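K.L.:
Chains as they are written, first to last, in our numbering: chain A, 14 to 617; chain B, 91 to 223.
A hint or two may mislead.
Covered stretches of chain A (in silico footprint by chain B; criterion: 3 or more residues with CB under 8 Å from a CB of chain B, positions within the stretch not fixed) [as the list claims (entries may be wrong)]:
id, stretch
1, 36 to 47
2, 412 to 418
Derived lysine-lysine pairs resembling DSSO-like cross-links, with alpha carbons at most 27 Å apart [to be verified]:
id, chain 1, residue 1, chain 2, residue 2
3, B, Lys175, B, Lys144
4, A, Lys49, A, Lys125
5, B, Lys106, A, Lys430
6, A, Lys492, A, Lys557
7, A, Lys470, A, Lys534
8, B, Lys106, A, Lys427
9, A, Lys375, A, Lys427
10, A, Lys470, A, Lys584
11, A, Lys377, A, Lys390
12, A, Lys455, A, Lys431
13, A, Lys561, B, Lys196
14, B, Lys196, A, Lys557
15, B, Lys142, A, Lys556
16, A, Lys127, A, Lys103
17, A, Lys521, B, Lys106
18, A, Lys183, A, Lys207
19, A, Lys183, A, Lys225
20, A, Lys431, B, Lys142
21, A, Lys584, A, Lys530
22, A, Lys125, A, Lys113
23, A, Lys528, A, Lys455
24, A, Lys125, A, Lys176
25, B, Lys175, B, Lys142
26, B, Lys171, A, Lys557
27, A, Lys100, A, Lys49
28, A, Lys113, A, Lys103
29, A, Lys171, A, Lys183
30, A, Lys561, B, Lys168
31, A, Lys258, A, Lys316
32, A, Lys557, B, Lys144
Everything labelled a hint here was simulated from the structure, so no lab data went into it.
What you are looking at is a predicted structure, and each value in this text was computed from that prediction instead of being measured.
Think of the CB as a built atom: it goes at the ideal place given N, C-alpha and C, for glycine as much as any other residue.
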Amino acid sequence: MPIVHSSQLGINSLPFPIALINSEFKFIETSAGFIKLFNLKHPHKQPLSLLDLISELPKSHLPKTELPIREGFKEVITSIKNSNKLKWLKLKFHLNFNIKNTYYVQFEDITKEKLINNLACDIEEVGRIGSWNLDLANSEFYWSDVTKEIHEVPSNFKPELEKALNFFLKGENREQIHKLVYRAINDGISYDEKFKIVTGRGNVKWIRAIGKAEQLDGKTVSLYGIIQDIDEGQRRALVYDNLNKKMRIGIKSAKVGVWDFDIVNDELFWDDTMYELYGHNRMCFTGDFEAWESTIYPEDRCKAMSQVQLAIDEKNKFDTEFRVIKEDNSIAFIRSVGEVFRDYSGKPIRIIGANMDISRIKNKDQRLRQLLNVTEKQNQRLFDFTNIVSHNLRSNASNISMLSGMLNLEVSAKEQKKFIEMIQTSSERLDETIAQLNEVVKVQGTSKYDMHQIPVKSTLIKTIESINALMLTSSVDLKIDITDCLRVYAVKSFLNSVFLNLLTNSIKYRKSSTKLKITVKAEVCENHTVISFADNGIGIDLKKNGAKLFGMYKTFHKNKDAKGIGLFITKNHMDAMHGKIEVDSSLGKGTTFYLYFSNNRDNS
Amino acid sequence: MNVMQIFLVDDDEIFKTAAEILISANFPEFEIVHFENGLEVYNRLIEIEKTKGKLPVLMLLDINMPVMNGWELLEEIKGHKGRIKSNVQIYISTSSIAPQDMNLSKTYDFIEGYITKPLTNGDLQHIRNSLLR
């Protein structure tokens, strides 16, 4: 059948969308396919002009002159006007050589392709993935916009294979990509690897390069692939790795043990450091909550358990301290912190935490407290020392001064004699004060080398002998309830002083109506020995004067002999011997003093 | 009795003996009354007030005394509603040079002054001059 080239051939019946328009875009003829595409069933609803149908159609898109057919068409991608559905059309304009100033318009529905293309572009943008295509036959190299962006080159950059390969970092990276690309070309083997490139702006970047070969008859005709910018992710991963390494080293050197408790299954995981901290064998550890509980020092168990529960109940953060008994029976102080992890319903499912051995810190802390205590006591002694100097020395010295001045006055011999007597008394008192000062100073200079095991009873008896006369005149009923062999850890002269002071005090403050009875007893306890001096004297109002009792120059009786320094010195003596003194008394009934002597040689 | 009185409150008899001689020399027209401690003088002052008698013009008060010391006495006077605060010129007379004592005396605004022993003619002249004002 001959092929007919007839200008009279109508297009109405043609099944594909095609229309004939004039230079005003008005329709002359339309095909059946055209009607179907644009859903134009009713003939009188037909649009008159192409412009009614299409969104954008600038006049410049029409071919201008009589050009050969091959070049006589222009492509337009546009969308349908006033349409609910988004339709993308490719319009091809052909010059109609048969009728002047008329054009054929070919319509192609490229909606799907356009959407896919759009999506692909979006994917590229978001995923920072650029595509490329190397047509080996035509040496045509295509880079997508994103590919160019990744390489930090302008959009008019024309890629060439060698140029492209030179982006790769000189050295290992470049050698590798060369190898892979040539392998793909020669053998059709695809590649997918990470590389470092140097961009057009000189920045070093991590990329993932994928290349695939398209083969025809066993020969590679083109290469295509993608370039993905993984720089951020890669750098982050490296930082993370680094941090991870540092953290592990940190944890190991700080001897922090990490534990992981699965609450639901009662499974407890300990890392190696944990076993070291607790001094337990991995083999013997049953790996459950009870196992941990049993390692804790019994006294601390209750607190530790409640801390765990409080953390689980969200009442508290888990941050607590407790002692553990190691396998060698030594004790360590542990600080344990942890965080509770919950599922979506808030139920606690896991606790992860860290343990540290703080024994050294605790010990130092305790020693610091002891030191502080001692310093405070010494400070108080220094303060009291100042008081002695300020008061007793000065008052006696000032009296002497006043009286000496009066000796020059014109007074009678009798009065002169009186003045001289008073000067004498003041001098004696001054001397006494200096002696007492000396006592206090001596206590300061005491070292542990002066401490010995002193026999109590014999020392007491010697003291009594030294005040024999006083004892007789006061007719004291003395009872000593101490074994002959009892010894206390003390300084001999201090012990003497203390006994002397307590005895003379009892005598001084005895009731005038009742015969004085003094009872001296001893009691040996685990850490200390207590010697008590009980009398039936006038007693002390402890509520009123209890605090001042052992202070300096604090007297509460009108007794002229009460200078108020005896008990102060006695307390000083007891403190210096690492002991203490306590008093119990009721007004009108009597007083008991308790002397505590430390048993241990090292006084810890 | 209409004679003007000076109360000398101190537990140190030697000081009181010497002080009396000095005070008499500077205040010849005054009668000097001795007290052993804060409680003694407090009781006397209360008694005078009750009987609407004549309060002492001047009081020299020591700090360190048994039973009731100088500070304790001042606390009692401070809390007491009456003429004592306003009518009696009180001087602390003490051998203490401790700063805390001097500072503590400043917290009692009704005290006239703070004298450190030994008591001298100069001190007494100064007191006399401020009395006359």
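K.L.:
Against this structure, judge whether each hint is valid.
P.N.:
A quick look at each hint next to the structure:
1. 36 to 47: Coverage by chain B is violated for the stretch 36 to 47 of chain A (0 residues, Cβ < 8 Å).
2. 412 to 418: Result for this restraint: holds, n = 4.
3. B:Lys175 <-> B:Lys144: holds (14 Å)
4. A:Lys49 <-> A:Lys125: Distance of about 18 Å is within 27 Å: holds.
5. B:Lys106 <-> A:Lys430: Distance of about 17 Å is within 27 Å: holds.
6. A:Lys492 <-> A:Lys557: violated (30 Å)
7. A:Lys470 <-> A:Lys534: holds (10 Å)
8. B:Lys106 <-> A:Lys427: holds (18 Å)
9. A:Lys375 <-> A:Lys427: violated (73 Å)
10. A:Lys470 <-> A:Lys584: Within the cut-off at roughly 21 Å; holds.
11. A:Lys377 <-> A:Lys390: At roughly 20 Å apart (the allowed maximum being 27 Å), A:Lys390 and A:Lys377 satisfy the hint.
12. A:Lys455 <-> A:Lys431: violated (36 Å)
13. A:Lys561 <-> B:Lys196: holds (24 Å)
14. B:Lys196 <-> A:Lys557: holds (26 Å)
15. B:Lys142 <-> A:Lys556: Violated, at roughly 36 Å.
16. A:Lys127 <-> A:Lys103: Holds - the C-alpha atoms of A:Lys103 and A:Lys127 are around 10 Å apart, at most 27 Å.
17. A:Lys521 <-> B:Lys106: Distance of about 26 Å is within 27 Å: holds.
18. A:Lys183 <-> A:Lys207: holds (15 Å)
19. A:Lys183 <-> A:Lys225: holds (23 Å)
20. A:Lys431 <-> B:Lys142: violated (39 Å)
21. A:Lys584 <-> A:Lys530: holds (23 Å)
22. A:Lys125 <-> A:Lys113: violated (35 Å)
23. A:Lys528 <-> A:Lys455: violated (36 Å)
24. A:Lys125 <-> A:Lys176: violated (35 Å)
25. B:Lys175 <-> B:Lys142: holds (15 Å)
26. B:Lys171 <-> A:Lys557: holds (25 Å)
27. A:Lys100 <-> A:Lys49: holds (14 Å)
28. A:Lys113 <-> A:Lys103: holds (24 Å)
29. A:Lys171 <-> A:Lys183: holds (21 Å)
30. A:Lys561 <-> B:Lys168: holds (23 Å)
31. A:Lys258 <-> A:Lys316: Roughly 35 Å between the alpha carbons, so the hint for A:Lys258 and A:Lys316 is violated.
32. A:Lys557 <-> B:Lys144: The given pair, whose Cα atoms are some 33 Å apart, is violated under the 27 Å limit.
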